[in-house]
Amino acid sequence: MNYGPLIFLGIFFTMSLSWLGLVLGPNLQLGKQAPEQNEKTGALYPQTRSGLAQQGAQIYRENGCFYCHSQQVGPKGFSSDFERGWGERRTVAADYLFDQPVMAGSQRIGPDLANVGLRQLGDNFLLLHIYNSQITAPDGKKSNMPSYPYLFEKRKIGRAVSVDALKLPEKFASEPGYEIVPRQEARALVAYLRSLKANAPLFELPSLTPSTNVVEETTNAPAATDTNAAQPSATNSTPK
Amino acid sequence: MSSSTQQSCDGSPTAANSELLSSKEIDASCRFPVFVFFISAAIWFLVSSVLGLIVSIKLHSPNFLAGCEWLTYGRIRPAQLDAMVYGFAAQAAFGVTLWLFCRLGRTRLFAPGVLLLAAKLWNIGIAIGTAGILAGHSTGFEWLEYPRYASPILFVAYALIGIWAVLTFHARRQQQLFPTQWYLLAALFWFAWIYTAANMLLICAPVRGVVQICVTAWYASNLLNVWLSAIGVGVIFYFIPKLTNRPLHSYYLALFAFWGIALFGGWGFLNVNAPLPSWIPSLSAVLGTIMILPVICVALNVRGTMAGYKSAVPSPILNLIRFGAFSFVVAQLMNVVAVIRPLNEILAFTYFTSTQTHWLLLGFFASVMFGAIYYIAPLILNVDPPAAKKIRLHSMVLIAGVIIYGVALSIGGIVQGINLNNSQVAFIDVVKGTFPFLHASTIGSLLILIAGLMLLLNLLSLGCRAGCGCFKNSKKSEVRS
Amino acid sequence: MKSAPKTTQSQNGAEPSVNFTPVPVVIFLLVGILFYLGQLYLDHYGGGFNGKVYGPYDSWKMVENLQPKGAGDIVFAQGRKIYDTACLACHQGSGMGSAGIAPPLAGSEWVLAAKPDRLVRIAHLGVSGPITVKGVAWNMQMPGMGRDLGLSDEDMAALLTYIRGNKEWGNNASVVTTEQVKAARDPVRERQTQITVEELSSVPDQ
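Residue numbers (the numbering used here), protein chains in the order written: chain A, 140 to 379; chain B, -5 to 475; chain C, 234 to 439.
There is no bait here: all hints are sound.
Derived contacts from chain C toward chain B, CB cut-off under 10 Å, selection only:
1. 249
2. 268
3. 286
Honestly, the hints are just simulated from the structure, not real lab data. Computed from a predicted structure; not experimentally measured. For every residue, glycine included, the Cβ atom is placed at its ideal position computed from N, Cα and C.
I would like the entire structure built from these sequences, with the hints used as guidance.
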């Protein structure tokens, strides 16, 4: 009965296989990833977020937004992420490089937010949505997102309504004489949401339909007659 | 391990000195620490199920308690799950492990004071951690939300408990091992390792970017599918033979299941399109799918042991443990189903995946632990067990709650997934489609809460009876003297 | 009823024993089958364990082959990028537009016309008032993206090339050159108002 240590090591090694494959392997491969330079524009991707957006990421973490909103989208054709406008392309490792913590989420009780910054929703819309999502739910339908009144301040209106007070629809308006003003936390959260963009073109995600043939002179345009590129310009400029 | 245990541990102990210790003495030595673990587990179960009920209500009535920062969904959800895992499951497991090590090793639990201290520390750690999450100090990693000021306390407490349990195991007088002992011993070491590794890699010296996703998934699946599963299966393999008074069907199946869980349980069950190079989710799916084999082995072993068993008076404890075994199979199959590529497209990100956790934590682990607690607590307290009726009522409430919640949200998740996949259904209508299931799940949550309350009350009444017994005894002895 | 737990209590002394029933052969067969299938799966979806291969790409080779190569590709990629920032929010990634917000670009006769002169004006100045696209009447206010974002002729050409030649949308019209953009834009470069369909109709598109 002195197999004890041997058996112990055997068990430990067996159990550690998942660590080798799922932690050590990926860390060796991806742990040293650096921002990538775009060949054409020379821009680095990803960029660190602005200070306010970084504060917002912490608000996002504190309030556990990621328990309902994922931040990861699949490729076109898988599920309906693309059709729902949640992402032009799938998300990859590079998109999360500077996130701490990475909050990719595991549930879609709410819509995916990987590209919410691209949806041009506007600060006012986002603030209203955070204040009370019933205001912004489409067609007056019921949303099951909680409201976050504690990220806002209810203030007595002074001489005039503040510039940054929420423009609430009548049904949700606060009592007369008061206004709802976003706190710093709400502003930071909105800045973070607007910074969520996973759309940079990347080496690892080339277009699946190579566009080399665009330069070919085939066309489905109605009555294709003149596709000569180098056209004398004078004939085109028609006076209005 | 195999050759030394060939000669069956059929209860006729070979070591002569093991007969010196009666089961009663062993049980008595476990009394305080094990009961403290059980009571704390019951309290945390109750806390968690209260939070669970609030979570469940909030999902369909989002403005319920919305004004309170501490009770927003994104904070009570992790607080609920962590309280369930670290507060209830871990402490129930500590108690059961210690008792089983003593019983199967025919040895006393020594220096229980250290364990009482460790229990105190552990509970303080969880209380601080839970308060930290509610205050917004969560680390942001699923299953590891306890803020960094709570983890060291848990770590120290665990080290004490773990070392004590290993020493107890080492001091055993019955050298031959029963399969349950491998499971529990491996689980003891395993938690220490995954908890340390995950905290190191995510919080102390965080890895970069998506590697955090890998580590989180690795930790979660090891926590639930290896650590908790190993403990629960070990306990099932002890109690089913014990309660039916038959030998465990197959040593080899138990061995096979053990290695299977150790090898294939911890591969993360990642989504097919997690933002990782495709080999990582693919490997995770392939090896995760093989988890089906140990699950079959567990099922076969339980069936084999139970085959032909009939009892005039069905034991409610046996029912709880059998339901636990059934839920284990359900939970693990759900895991496997959700990583299969075409099904992953539908099931990823839906309630189906979160309900898998529910089946595993409540259906499987809580049922098994409730059964074990009802069996062990009267023995260590040396009082009559609670009336079978009480246990039966309790088990029915728990099982009904688990099934209502589990079935409603599993189906709800599938419906949600199908709607999500259909881009013609607006997102707000996907949400709308889940409301009936969410309402039903609230009923399940309520029943689970009642079950938690019943466990605590039953345990307290046992404790009171034991206390009165002691009091009477001491009075008697006083009179005599 | 009460006797049940009592009987279990009486058995407390003896710990359970274990039988040595062998593991069914089927289990070992299943191990083999699952490993075999798993290996096939990894072969197909494993991406050769390369850190730059993500689904739906099969292999490093495929990713490399699909990299934009010719000048046309680069222009196209640049166009896509401008589209994503300037147009995507309303016209959508699918080019199908969105009801009540923006008409489709995929298969639109305004986009696919033989000469891009009208398209250049639309993109530069924006459109105001009623417009019929693919037989459907729209009445929108489109902002002049080219003017507002200060897109260069080169950017504009890339953007319009991308919109006209996007095969994912089913579009396959000719390339728009910088010269064409310049020529079409020069007469209206300083204009600050949107253009209307009546004005557009005086611009030849054949």
